[in-house]
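Engineer: The chain contents come next:
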Amino acid sequence: MKKFLIPVSAFLLCVSAASAWASPGTVLRNEQLFSQPTSGSRVEANVAKGASVNILSKQGGWLRVTAGRSTGWIRLLSVRAGAGGSGGSGVGDVFGAATTRSDPSRVVAVAGLRGLNDEDLKQAKFNAGELARLEAGTVTTSQAQSFAKQSGLASVNVPGLPEPRPAQPSSSWENN
Amino acid sequence: MKTRLMVLAISLASFSGVAMGFDFGKLLEDRLNQELNKDKKTQPATTPPPAGSQSAAASPPATKQKVDAGQLGFALFGDYSPEEENRIGKQISGNLLGAVPLVRDDGLQRYVNLVGNWVALQAGRKNTTWHFGVLDTEDINAFAAPGGYIFLTKGLYRRLNNEAELAGVLGHEIAHVTQRHHLKVLKKSSLIGALGQAASSKAQGSDQMVQNLIGNGAEIMARGLDKDAEFEADRVGIVFAARAGYDVWGLPTVLQDMAALPAKDNRTSLLYKTHPHPADRLAALGEAVDGRLDGIQGKELANRFYKIR
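Residue numbers (the numbering used here), protein chains in the order written: chain Y, 1 to 176; chain Z, 1001 to 1309.
Worth flagging that the hints you see were computed from the coordinates, not collected in a lab.
Errors might be hidden in some of the hints.
As the list claims (entries may be wrong) - Here chain Z is said to cover these stretches of chain Y; the calculated rule only asks that three of the stretch's residues, wherever they fall, bring their Cβ under 8 Å from a Cβ of chain Z:
| no. | segment |
| --- | --- |
| 1 | 41-48 |
| 2 | 65-73 |
| 3 | 120-128 |
| 4 | 148-160 |
Unchecked claim - Computed beta-carbon distance windows for the label pairs:
| no. | chain 1 | residue 1 | chain 2 | residue 2 | range |
| --- | --- | --- | --- | --- | --- |
| 5 | Y | ALA136 | Z | GLY1124 | 34 to 44 Å |
| 6 | Z | ASP1106 | Y | PRO164 | 20 to 30 Å |
| 7 | Y | ARG42 | Z | ASN1127 | 45 to 55 Å |
| 8 | Z | ASN1303 | Y | ALA132 | 27 to 37 Å |
A virtual CB, placed ideally from N, CA and C, is assigned to each residue, including glycine.
One chain only, chain Y, in its complex shape:
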């Protein structure tokens, strides 16, 4: 009995979620959908790099998504939000995708807000007053430590992450 109820309720959840707050995403590498937000749980489906998903919710390092007819949990870092495809490399994605998918009203809305640009930075004149203001705001180590303690933060021993396998020789300055 229960076995039937779960898919039905999951389906209903998807339908309501899709209309309310599901957002599109793209899978960044070949991955698995788990039944729970932990890699020890049952694998519901495999999803291929580039597959489209609907993001339903987030919990810690996991996103609950639907991919095709499957729903499950996938690692947060294996999905990019937005409908821009699996890669961001290349101008095509940064500029091209936006023009095809963007909501014109949104672009107009932000066009008035001019961002920082190269020229602003290049022309910038040293501002001693602002620098003094910045330096006056410096806090001490013991202030930072007691601030952390107030909310129960404590140092945790976390090993560093490995460097990636070199995919291509990185540019050294000899061949610049």
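Take the given structure of chain Y and dock chain Z to it, following the hints.
Structural biologist: Chain Z in isolation, oriented as in the chain Y frame:
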């Protein structure tokens, strides 16, 4: 001309002190002295080279000593001392603040300094005074300068939902400082700036010698780092945030948010010019993290997150 000098400088630095290196050194030295003499009137009096600045130089001692070390020595040879790092960071920061001032909200600035210093403590870098500032612009970006100067924009701060996300962003920037990413860029390009190309800044407190090193204004912040440096800062930065006890998914969540922004948004144009696309950063981070951080339970601290006015 610039290119030729650059090539000469690179050749000099690449040779490890054999006869050929010496010849190149001679050549370079002559050209440099020519260039520096041209600008003598606009240069401040030569200060002695900072201590330890030439310690790791590989070229013949005779060459490096004849080159005006106060102008160039510490840029071309050896490593920067902590004092030099700080001096460079200070000048870049003063310029950046000339382009965009701090948000006038002392509570916000103090909050960001407290979170930032707590995260920076996990980096274990001794003798560094860390400065954090929120810049008064709707642009979405964050910056780091050598020596421990870190900035994020109000536009980016507004998009954050909790303290763990702030810690993740600051962790990325702190990693740029601890990994000395900008100094590596400076070493590649220092000769160009050192030849007196930089517009002279008469502002009080401005350090002309460092300005010559970094080029015009804060343009070094618009040039960006190579993408591997950004991927590394993501990898190192989330570990700093995790060591500080924060939820490790703060930075990835911010990257998710940015990936979903319309790419034509003016507020992210500089960010996209100087950083890999958030989708590429997520993918690279995903490869590095995989299941390694699964067991770590950190705090998000949404309640304590300072609400911007």
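Engineer: Against this structure, judge whether each hint is valid.
Structural biologist: Hints versus structure:
Remark: the segment 41-48 of chain Y is not confirmed as covered by chain Z, as 0 of its residues place a Cβ nearer than 8 Å to a Cβ of that chain, below the required three. Residues of the segment 65-73 of chain Y with a Cβ under 8 Å from some Cβ of chain Z number 0, which does not satisfy the need for three, so the listed coverage is violated. With 9 residues having a Cβ less than 8 Å from any Cβ of chain Z, the segment 120-128 of chain Y passes the three-residue criterion, so the hint holds. Counting residues of the segment 148-160 of chain Y whose C-beta lies closer than 8 Å to any C-beta of chain Z gives 11; at least three are required, and the coverage claim holds.
In this structure the hint that ALA136 (chain Y) and GLY1124 (chain Z) lie 34 to 44 Å apart at CB is violated, the actual value being about 26 Å. At roughly 41 Å, the beta-carbon separation of ASP1106 (chain Z) and PRO164 (chain Y) lies outside the given 20 to 30 Å, and the hint is violated. Take ARG42 (chain Y) and ASN1127 (chain Z): their Cβ atoms lie about 51 Å apart, and the range 45 to 55 Å holds. The given range of 27 to 37 Å is respected by ASN1303 (chain Z) and ALA132 (chain Y), whose C-beta atoms sit roughly 33 Å from each other.
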